[in-house]
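Peer 1: What follows is the residue order along each chain.
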Amino acid sequence: MLALPPDYSLVAMEVVRALIRRKARNLRLLGVPILGLSADLLIGAGCVAEVETSAVSLGEAGLAPRFTDAVEKNSLLVRDATCPAIHCALQAAEKGVPFMPLAGISGSDLVKEREDWKAQGDVVLVPAIRPDIALFHARWADEAGNVWVGRRRELATAAHASRLNFVSFEEKKPGDMLDDEILAPGVISSIYVSGLAHAPRGAWPLGMPGLYGADDMHVSQYAKAARTHEGFLKYLDEWILTPRKSSSPA
Amino acid sequence: MDSYAPEELLACVIAGLLAGARHAAVGASSPIPASGCFLRKNLDPAFRISLQQRRESNPFTEGSRELFDLAGQGRIDVFFLGGAQIDGGGAINLVRAEGKRFPGSFGSAYMYGVVPRTILFREEHSRRTLVPQVEFASARGTPAALLTGKALFLWQKETRRFRLESFHPGSTLEEIRDLTGFAFDAAARVPQTAGPEAAQLAILRGVVRSTITDIYPDFGRRVWPAASPRTDEA
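Residue numbers (numbering that gives the first Met the number 0), protein chains in the order written: chain R, 0 to 249; chain C, 0 to 233.
Keep in mind that a hint or two might mislead.
Stated by the list, open to error - Straight-line Cα separation of at most 35 Å, DSBU-like style, residue types lysine-lysine; simulated pairs:
| hint | chain 1 | residue 1 | chain 2 | residue 2 |
| --- | --- | --- | --- | --- |
| 1 | R | K111 | C | K99 |
| 2 | R | K94 | R | K117 |
| 3 | R | K223 | C | K99 |
| 4 | R | K111 | C | K156 |
| 5 | C | K99 | R | K117 |
| 6 | C | K99 | R | K233 |
| 7 | R | K22 | C | K99 |
| 8 | R | K117 | C | K156 |
Claimed, not checked - Below, a sample of chain C positions facing chain R; criterion: calculated Cβ distance under 8 Å:
| hint | residue |
| --- | --- |
| 9 | R64 |
| 10 | K99 |
| 11 | F183 |
Read the hints as simulated data drawn from the structure, not as lab findings.
Where is the CB? At the ideal position from N, CA and C, for every residue including glycine.
Build out the structure end to end from the sequences listed, making use of the hints.
Peer 2: Below, the structure is given as structure tokens:
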């Protein structure tokens with residue numbers, strides 16, 4: 000199982016494109032707690048067998064077209080969840096306990112559908128999720144192997160819960176960020192980091208807050224193109240499979 | 000009365016529904032509820048708005064779970080939910096209907112259960128969206144109101160039914176009956192929704208427009224194109 004963040008939370012898009020070029024197959028994706036462009040691309044490119052997520056959406060650009068098409072054609076298995084259940088499941092894994100109780104959701108049909116969730120009165124016990132790999136993008140990596148994700152603490156939870164973590168990053172920092180009182184609270188320690196790759200503008204067309212914004216025009220062009228399978232293949236060819244054009248235009 | 004965009008009317012109705020609230024959270028892709036919240040904040044500066052998906056100046060430092068933790072403690076008193084389907088019992092469906100797949104339940108299953116004042120909002124008012132019973136209940140709860148592009152319904156706790164409060168200018172009671180798939184109550188004479196006041200429009204077209212356009216650029220440019228009257232002309 001591969002844990003991926005939502006579009007607003009530091010997605011390692013360059014690595015996602017590399018997975019498509021390498022023809023990854025049978026991935027099981029976990030949305031932490033939802034998914035967006037990265038999942039839609041992977042699904043459209045045939046890399047994904049199953050997703051567990053609270054939603055797949057392109058935000059202001061609308062429905063995720065390849066996800067929608069795959070589910071409607073029964074070619075993708077979806078385990079529907081709700082955001083706090085996924086957060087709880089990852090928190091259970093990071094604490095090493097088998098489940099976490101969650102109140103408030105007992106009215107939802109999700110509870111009926113999810114046989115692994117156990118209702119106990121008004122509380123639902125959500126089993127721990129321990130992803131094989133979490134993949135995300137960081138602002139900095141340092142010489143000690145730590146990465147900085149700032150306020151995007153769901154990435155820290157995902158990293159603590161996952162067996163392996165692969166992180167792409169914008170810039171290398173000299174020294175050890177844990178020695179810096181200002182930077183340390185936004186750091187994920189090297190204890191959790193399994194592999195690093197330098198990928199400047201590696202979140203494009205999504206954003207890296209404080210460095211560059213999301214390329215909303217590109218995402219909405221994608222949303223239009225990917226409405227049909229043919230349009231999606233054309234997009235793949237133009238932006239992902241042809242190496243010269245595959246990186247960010249800026 | 001000045002002319003106004005339908006989105007401006009809806010934002011004003013939402014601002015009215017927020018009376019007395021201390022803290023509203025706004026979820027993914029909700030520019031009209033967000034506009035209503037910022038309009039409210041202009042009248043009540045102590046009113047707090049937490050926008051879950053704001054890229055810059057996001058209110059949370061513990062990741063996206065912090066919104067749910069805040070709500071679970073009772074620190075959020077208003078939330079907005081929509082749905083591909085909304086039924087007469089207040090249940091919402093964000094997952095699937097009539098063979099179509101929708102994005103998914105997001106945090107609705109939880110927020111509906113823990114936030115005391117949930118406002119259901121869906122611009123499309125049709126028998127397709129307002130149904131007797133949802134095909135899948137992403138979330139069930141006790142709503143405060145249901146606002147659509149054509150009408151405002153308030154929830155009656157005792158009977159667990161909606162009551163038509165008003166229909167928006169341009170619609171009629173007959174049209175609302177025709178386009179609503181669930182049974183609802185109504186007074187003998189249902190009034191028209193009051194249009195925005197000039198002062199509200201001035202706030203919307205000034206500070207709210209600039210805040211919203213930063214967060215929802217497509218929406219901002221569509222509702223308030225550069226040529227539309229600005230605050231000083233309203």
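Peer 1: Sort out which numbered hints this structure fails and list those numbers smallest first.
Peer 2: 11
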